[in-house]
Amino acid sequence: MTIDWKSYSPGNFYDEIISSPGNARIPARRLVSYLSSLNDEELLERRESANVAIKQMGVTFTVYSEEGNIDRSWPFDIIPRTMSRKQWEKTAAGLEQRLRALNLFIDDLYHGQKIIKDGVFPRYILEDSKNFRPECVGVSPRFGVWAHICGTDLVRDKDGQFYVLEDNLRVPSGVSYMLENRAITKRVLPDLFDTEKILPIDDYPANLLEALTSLSPRRSSRPSIVVLTPGIYNSAYFEHSFLAQQMGAELVEGSDLVVGEDDCVYMKTVDGLERVDVVYRRIDDLFLDPEVFNPDSVLGVPGLMRAWKKGHVALANAPGAGVADDKVVYAFVPKIIKYYLGEEPLIPNVETFLCVDDRERDYVLANLDKLVVKPANESGGTGMLVGPHSTRKERKLFETLIRANPRNYIAQPTLSLSTVPTLVDGGTIEPRHVDLRPFIIQAKKTWVTTGGLTRVAMKRGSLVVNSSQGGGSKDTWIIDTGSK
Amino acid sequence: MLSRVAQRLYWMSRYLERVENTARLMGVYTNLLLDMPSGVNIGWYNLVTLNDAEEWFESRYKVKDERNVMRFLLADPDYAGSMLSSLQRVRENIRTTRDVVPAESWEYINELTLFVQDNLTMGVNRGQRHAFIASVIKSCQQFLGLFVGGMSEGQGRAFLRIGRNIERADMTTRILDAGIKVVLENNGNVLPATEAIIWVNVLRSLSGYLPYTKQQRKTVRGTRVARYLLEDTALPRTLRYCCAAVRHACVVLPRNDAVLAHVDRLLASHYAPLDDEDAVLNQEFSDYLNHLQLQIAELHQLCEETWFTFE
Chain A
1 MTIDWKSYSP GNFYDEIISS PGNARIPARR LVSYLSSLND EELLERRESA
51 NVAIKQMGVT FTVYSEEGNI DRSWPFDIIP RTMSRKQWEK TAAGLEQRLR
101 ALNLFIDDLY HGQKIIKDGV FPRYILEDSK NFRPECVGVS PRFGVWAHIC
151 GTDLVRDKDG QFYVLEDNLR VPSGVSYMLE NRAITKRVLP DLFDTEKILP
201 IDDYPANLLE ALTSLSPRRS SRPSIVVLTP GIYNSAYFEH SFLAQQMGAE
251 LVEGSDLVVG EDDCVYMKTV DGLERVDVVY RRIDDLFLDP EVFNPDSVLG
301 VPGLMRAWKK GHVALANAPG AGVADDKVVY AFVPKIIKYY LGEEPLIPNV
351 ETFLCVDDRE RDYVLANLDK LVVKPANESG GTGMLVGPHS TRKERKLFET
401 LIRANPRNYI AQPTLSLSTV PTLVDGGTIE PRHVDLRPFI IQAKKTWVTT
451 GGLTRVAMKR GSLVVNSSQG GGSKDTWIID TGSK
Chain B
485 MLSRVAQRLY WMSRYLERVE NTARLMGVYT NLLLDMPSGV NIGWYNLVTL
535 NDAEEWFESR YKVKDERNVM RFLLADPDYA GSMLSSLQRV RENIRTTRDV
585 VPAESWEYIN ELTLFVQDNL TMGVNRGQRH AFIASVIKSC QQFLGLFVGG
635 MSEGQGRAFL RIGRNIERAD MTTRILDAGI KVVLENNGNV LPATEAIIWV
685 NVLRSLSGYL PYTKQQRKTV RGTRVARYLL EDTALPRTLR YCCAAVRHAC
735 VVLPRNDAVL AHVDRLLASH YAPLDDEDAV LNQEFSDYLN HLQLQIAELH
785 QLCEETWFTF E
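Residue numbers (our numbering), protein chains in the order written: chain A, 1 to 484; chain B, 485 to 795.
In short, the hints are calculated from the structure, not lab data.
Just so you know, even glycine gets a beta-carbon here, dropped at the ideal spot from N, CA and C.
Please note: incorrect hints may appear among the correct ones.
Residues of chain A placed beyond 10 Å of chain B at every Cβ, according to the derived structure [unchecked claim]:
1) 4
2) 97
3) 143
4) 241
5) 269
6) 270
7) 309
8) 390
9) 428
10) 444
Part of the chain B face toward chain A, derived, beta carbon under 10 Å [unchecked claim]:
11) 489
12) 490
13) 584
14) 587
15) 591
16) 594
17) 598
18) 637
19) 639
20) 641
21) 735
22) 738
23) 791
Distance condition first, Cα-Cα at most 30 Å in a straight line; then the derived DSS-like pairs of lysine-lysine [what the hints assert, rightly or not]:
24) 55/A <-> 622/B
25) 186/A <-> 546/B
26) 114/A <-> 459/A
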């Protein structure tokens with residue numbers, strides 16, 4: 001038996017690969033015919049070899065529990081998602097536009113706050129923001145850039161249009177899995193890399209290194225760059241070490257660093273103390289420096305903020321960048337783009353209702369069973385209400401929560417996430433919902449990954465793609481189809 | 485190099501060496517016991533005493549037989565010296581030093597850990613033990629090849645070398661001691677031929693039998709073997725060779741005075757009674773070996789203070 005594409009039906013959703021029963025979209029044609037040339041057994045063999053590769057490469061996602069550490073293998077589906085280069089380039093331009101505007105916005109908030117004075121952005125939203133750091137007011141990071149690395153979640157709705165779901169400006173993760181997914185796919189489907197013009201993605205570490213290098217406060221050609229990790233108990237530790245290794249940077253923990261009396265940052269090495277120029281930190285703001293933020297933090301480095309404010313060390317992302325990583329601020333991003341750049345947004349937002357607005361809140365409360373309600377500052381898909389799948393009790397709870405703290409909640413219509421054929425348990429091909437997280441880097445220049453991390457909800461009908469909640473991932477192929 | 489990273493490389497190397505030594509010991513004992521005439525009092529349990537692990541063992545097992553000893557040495561999750569525990573420590577240390585070790589190390593250690601986990605019964609049962617041991621040793625050697633061939637010279641390599649050789653030096657004194665204990669336990673009732681078998685196996689466990697015969701061209705005797713394993717400068721597992729290797733590695737490291745001075749003392753160590761080939765290896769020699777082990781532990785402590793724990 002081989003795959004019967006005619007019986008594959010994504011239903012009412014946009015499918016990334018199949019346009020109508022039996023017909024593949026142009027960038028996916030070779031992939032689909034290649035998959036059709038494999039019989040069931042061969043297909044399962046490919047999946048098995050992917051699993052072996054994942055285990056051997058040690059691509060893990062760590063779940064630590066009281067019984068010990070569980071290194072879960074990265075859940076991966078061998079069928080890639082495809083997109084044409086032409087479409088991707090348009091999307092990438094939109095992502096760059098968005099991050100440039102967000103950085104101008106953050107810089108403005110920590111300086112003159114012109115956008116508030118001009119009445120485009122309401123002051124009370126800033127005043128209630130959990131991620132605005134008064135400690136950062138007046139600081140001027142290089143190039144005016146605060147969020148150097150951004151992971152933006154895109155979803156494709158029924159209409160085939162990409163929408164921005166959220167911007168992750170604090171410590172976005174996932175890029176190492178994007179790179180490893182490609183490495184695995186090259187092992188599993190090598191034939192297709194001969195015949196298809198699949199654009200390479202492995203220039204990410206080099207571009208990240210270039211960006212970090214350009215942030216160095218000392219003018220040396222080889223500044224000392226470190227990746228600051230919370231340590232092996234962090235679920236993204238694999239990524240921290242992966243990136244450090246790929247960039248040739250030191251992977252450090254807070255206890256490896258010390259701030260001297262000269263307010264410079266040093267790392268403890270076999271040779272003694274060595275000055276550090278750039279810290280790519282993968283620790284949340286509040287744990288960065290116990291002198292300024294959470295005094296109980298053992299993950300951070302006492303004095304780090306002092307050193308940063310004096311310009312003796314660069315922090316990426318800058319503390320306080322998370323102020324724009326807020327689902328209420330999100331609703332204003334189209335206005336932010338227009339305000340700072342004078343341009344129309346190239347990628348639209350998902351329609352968003354702010355519970356802080358009386359009229360919009362009334363609408364939300366009246367339609368809780370249809371909407372997705374999200375807290376403004378949580379990540380990883382926690383604390384959400386998915387209306388159509390909720391119980392009356394849950395809706396009641398959210399009504400109370402929203403009334404108690406309207407600023408902290410937004411609501412969006414339930415989206416119809418696009419699907420991709422996925423090899424499911426039992427060995428058949430079924431549609432599964434996906435999103436896409438590209439990574440955007442901004443320092444001296446702006447740059448976007450070619451594609452991004454495609455996350456897939458492995459359960460039938462599920463829209464939850466977070467790896468901490470049973471999501472998996474796929475390789476993402478941007479294909480040069482030659483058409484202009 | 486970060487002090488913390490240096491420390492993890494050092495331990496990674498020690499644990500990896502421990503894995504290989506455990507495999508070697510299992511192999512040698514399996515051979516040795518098959519060769520022993522019945523009535524000679526030597527048991528599998530020596531493998532436990534050799535590692536100073538009696539207390540651990542006895543808290544978990546009643547019967548001191550082959551099966552339990554093998555299980556204990558291979559897979560006991562609570563005994564830090566078991567092969568599986570050591571592998572997990574190697575893995576955790578590689579995981580936390582991935583940015584300085586060759587990229588393949590992570591893949592190799594995952595492969596090896598999976599192999600040992602999945603094939604424990606091969607190691608426990610005599611029938612397939614040889615293949616199991618050969619496979620583990622081969623993988624450990626593969627690591628060494630990777631480090632030698634794939635890692636830039638420098639501090640990282642130095643700490644790997646120091647860790648490996650300190651572990652080796654320690655193990656060599658323990659294996660020698662184990663040989664002596666077998667002889668002593670039998671109160672001089674071991675026939676010369678049987679004693680030779682013991683010493684041949686001691687040499688074999690350290691890959692030293694053929695080099696010994698080539699170099700000494702004399703029959704295998706306890707005093708000769710002891711002197712060879714302590715003082716030969718050419719065989720990679722003798723005490724002297726290991727200390728010289730540590731010394732060589734330390735030269736590229738900063739603030740090395742105290743460590744070098746201590747290594748030099750170890751390099752100069754000599755047990756005078758061994759000058760007489762007819763001397764009897766007695767409890768006193770066993771005590772001397774114990775003294776050497778303490779000196780090696782002291783060397784470890786000095787490395788720790790000099791480079792790892794930072795003030």
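Consistency of the hints with the structure:
no.	hint	in the structure
1	4	36 Å, holds
2	97	34 Å, holds
3	143	27 Å, holds
4	241	4 Å, violated
5	269	6 Å, violated
6	270	5 Å, violated
7	309	25 Å, holds
8	390	40 Å, holds
9	428	29 Å, holds
10	444	25 Å, holds
11	489	8 Å, holds
12	490	5 Å, holds
13	584	8 Å, holds
14	587	7 Å, holds
15	591	5 Å, holds
16	594	5 Å, holds
17	598	7 Å, holds
18	637	15 Å, violated
19	639	6 Å, holds
20	641	12 Å, violated
21	735	14 Å, violated
22	738	5 Å, holds
23	791	5 Å, holds
24	55/A <-> 622/B	20 Å, holds
25	186/A <-> 546/B	52 Å, violated
26	114/A <-> 459/A	47 Å, violated
Checked against the numbered hints above, the structure breaks hints 4, 5, 6, 18, 20, 21, 25, 26 and satisfies the rest.
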